[in-house]
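Going down the list, the sequences are from chains P and X. Residue numbers for the first sequence follow the numbering used here, so the first one is 6 and each next one is one higher. Residue numbers for the second sequence follow the numbering used here, so the first one is 172 and each next one is one higher.
Worth flagging that the hints you see were computed from the coordinates, not collected in a lab. There could be a bad hint or two in this list.
What the hints assert, rightly or not - Okay, derived cross-link-like pairs now, DSS-like style, lysine-lysine, Cα gap no bigger than 27 Å in a straight line:
#1 X:K196 to P:K434
#2 P:K300 to P:K253
#3 P:K254 to P:K384
#4 X:K300 to P:K230
#5 P:K230 to X:K198
#6 P:K295 to P:K230
So you can see what is in the structure, the chains are spelled out below.
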Amino acid sequence: MDTLALMGTGFLQALSPLNLLLMAAATAVGVTIGCLPGLSAAMGVALLLPVTFGMDPATGLIILGGIYCGAIFGGSISAILIHTPGTPASAATAIEGYQLTLRGQAAKALTVACFASFCGGLLSCISLYFFAPPLAQLAMKFKSPEYFWLSLFGLTIIAGVSSKSMIKGLMSGVLGLLISTVGMDPMEGVPRFMFGQSTLYNGVDVTCALIGLFSMSQVLILAEKRIQARPAAAKFKDRFSLTGAEVKKISPTIIRSWIIGNIVGILPGAGASIACFIGYNEARRFSKNKEEFGKGSIEGVAGSEAANNAVTGGSLIPMLTLGIPGESVTAVLMGGLIIHGLQPGPELFTTYAGMTYTFFAGFVLVQFFMLGIGMLGCKGFANIARLSDAILIPSIFLLCVVGSYAIHNNVVEVAIMLIFGGVGYLVRKFDMNATAIVLGLILGPIGERGLRRSLMLSDGDPSILFSTPLCWALIALCVIGLLSPIFMNRMERKLREKHGAA
Amino acid sequence: MTRSDIGVVAIIYATCLLFLVMTLKLKAAAQVYPLCLIAGLAGLNTLYLATRLWRLFTGRAAIEEAGIPAPTPEKPGLVNDLPEIFKGFLPGQFFFVVIASVAYLALMHYVGFYPAGLIYMVAVMWRLKVPLLHMAITLAVLGILIYSVFTLFLKVPLPRGILFG
Numbered sequence: 006m007d008t009l010a011l012m013g014t015g016f017l018q019a020l021s022p023l024n025l026l027l028m029a030a031a032t033a034v035g036v037t038i039g040c041l042p043g044l045s046a047a048m049g050v051a052l053l054l055p056v057t058f059g060m061d062p063a064t065g066l067i068i069l070g071g072i073y074c075g076a077i078f079g080g081s082i083s084a085i086l087i088h089t090p091g092t093p094a095s096a097a098t099a100i101e102g103y104q105l106t107l108r109g110q111a112a113k114a115l116t117v118a119c120f121a122s123f124c125g126g127l128l129s130c131i132s133l134y135f136f137a138p139p140l141a142q143l144a145m146k147f148k149s150p151e152y153f154w155l156s157l158f159g160l161t162i163i164a165g166v167s168s169k170s171m172i173k174g175l176m177s178g179v180l181g182l183l184i185s186t187v188g189m190d191p192m193e194g195v196p197r198f199m200f201g202q203s204t205l206y207n208g209v210d211v212t213c214a215l216i217g218l219f220s221m222s223q224v225l226i227l228a229e230k231r232i233q234a235r236p237a238a239a240k241f242k243d244r245f246s247l248t249g250a251e252v253k254k255i256s257p258t259i260i261r262s263w264i265i266g267n268i269v270g271i272l273p274g275a276g277a278s279i280a281c282f283i284g285y286n287e288a289r290r291f292s293k294n295k296e297e298f299g300k301g302s303i304e305g306v307a308g309s310e311a312a313n314n315a316v317t318g319g320s321l322i323p324m325l326t327l328g329i330p331g332e333s334v335t336a337v338l339m340g341g342l343i344i345h346g347l348q349p350g351p352e353l354f355t356t357y358a359g360m361t362y363t364f365f366a367g368f369v370l371v372q373f374f375m376l377g378i379g380m381l382g383c384k385g386f387a388n389i390a391r392l393s394d395a396i397l398i399p400s401i402f403l404l405c406v407v408g409s410y411a412i413h414n415n416v417v418e419v420a421i422m423l424i425f426g427g428v429g430y431l432v433r434k435f436d437m438n439a440t441a442i443v444l445g446l447i448l449g450p451i452g453e454r455g456l457r458r459s460l461m462l463s464d465g466d467p468s469i470l471f472s473t474p475l476c477w478a479l480i481a482l483c484v485i486g487l488l489s490p491i492f493m494n495r496m497e498r499k500l501r502e503k504h505g506a507a
Numbered sequence: 172m173t174r175s176d177i178g179v180v181a182i183i184y185a186t187c188l189l190f191l192v193m194t195l196k197l198k199a200a201a202q203v204y205p206l207c208l209i210a211g212l213a214g215l216n217t218l219y220l221a222t223r224l225w226r227l228f229t230g231r232a233a234i235e236e237a238g239i240p241a242p243t244p245e246k247p248g249l250v251n252d253l254p255e256i257f258k259g260f261l262p263g264q265f266f267f268v269v270i271a272s273v274a275y276l277a278l279m280h281y282v283g284f285y286p287a288g289l290i291y292m293v294a295v296m297w298r299l300k301v302p303l304l305h306m307a308i309t310l311a312v313l314g315i316l317i318y319s320v321f322t323l324f325l326k327v328p329l330p331r332g333i334l335f336g
């Protein structure tokens, strides 16, 4: 089946009433999570992973995609209305957005944020359609040695993200690899590190680990601090609309930010939090109305929001084609793929092409829901953004418990989730890297199989790992992957300092 | 070098040791891969310790981000960053939530998911001083949400407990 036919079939399947209903619900949930300061997109996706268990994989992934996009946009609501970014991806939006709110133009700021997020997200889907299939074809040439290097590459790129120390990031990744060895040895068939628990026969369940590391740890983080009332959201004095002149004014910024967001999304180690600052910076650099910046510029809001939402599609490309997530949310989404019995890589574009293109179509449609829900529900979400941590703490915990129990209807997995929650809390406190642990857990079995099969094929000769140009290309990427977060962090820090971090 | 560094290094070494002891009990062919990982983790940990010690002895341990004065070459030393890491930490509130969460799991075993959940939610929200009306709304919304998604839609047989099972 050619690509156009697959795209058409994908849209037909994505447009089923059930899918549309779930897309709307998922996007609304995502926006809600995003607008609550302290809750991240990764936490939301991890928490709601179990809800997708009984569903068709495409529908499940569409739901997770909806939460992802919704959460990235949702962060801008609290950034604009209460000057507190809901997610780090909206930090730059708070700079101009809150200034507009102070000027009595809160509705205008939200409309621009919503429109720019919609355009950024929608345009990023184009990249997904165009770049993902060729990259998947390249991945078809991979054999055991290449898969070993690929898993190592995945770890190196994530190791430096969100951790001040590269060594600590790498340690987190190796710790994840070590935890991934729990369970049955894939080659020798002997049980390893199971502590007498038959539940661990197939290894540590990735969903349990995800819920524990991202959601349960958040409960503990919220529980340690004094519960404080959030500031009241500003009253809306203007209308939710944009004039033709305003659309014309922000259009070049949106297109520029789309390109920025896409590149940042595809790049290893980068993410929406970096893209929003680059998008904002470039909007200011190219603006004809530089004097408006700092006092409430709609171009500034558009630049930041289009860039952070353009990351969503871009970041899916390496994850779906090579199995390399560039940041925490895509690592969680990859866990979602694996839970549905799908392995990221070329098979998603051959054997499971129908499912993949349905997900792509769903991802496109989610952007429309985001626009509609964002525009219609801003006032409601503004009130939700004030929800107290005192309510969130027990509510998230209960969802963590029910989610981890639902995986195999087993209380032991709830206990595992709690252990990972404790680990996640300590990891965050001591600046280790939870995403790298998850990635180690996901990539560990792929790397182990790749390495041990390669060595088996070569009678133990390690030179097989350096035998093809693709191996060398991947080794080079590993080196780049190790170095790129250093530059990315430096760039983000410089931009934050320059714009007086929101 | 900071106190948290000592904790991180000690925990990682302890993890390596635990896995090493268990690995050595496996048959020879199954030991190779875990041993490589343990060696890698221990190596990185040692490298981390070495960099920290280097900074400690050269007096270059600056923790500008935390706003803690950096030890100078004249006055090198161990920086206690724990007050900064646990700034605003409320032990009473934190441990109440942790103990309630563990107690909830035990209670779930006896009375089932929903009754245990109700008791847990009320206890934690009461401790965190949530107004009664908000408490009632939260319980209703969450109850309906979990029941409709997990019990009705996904048909997950949530624990009913020994008393009601």
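Hint by hint, which ones does this structure get wrong, listed from lowest number up?
1, 5 and 6
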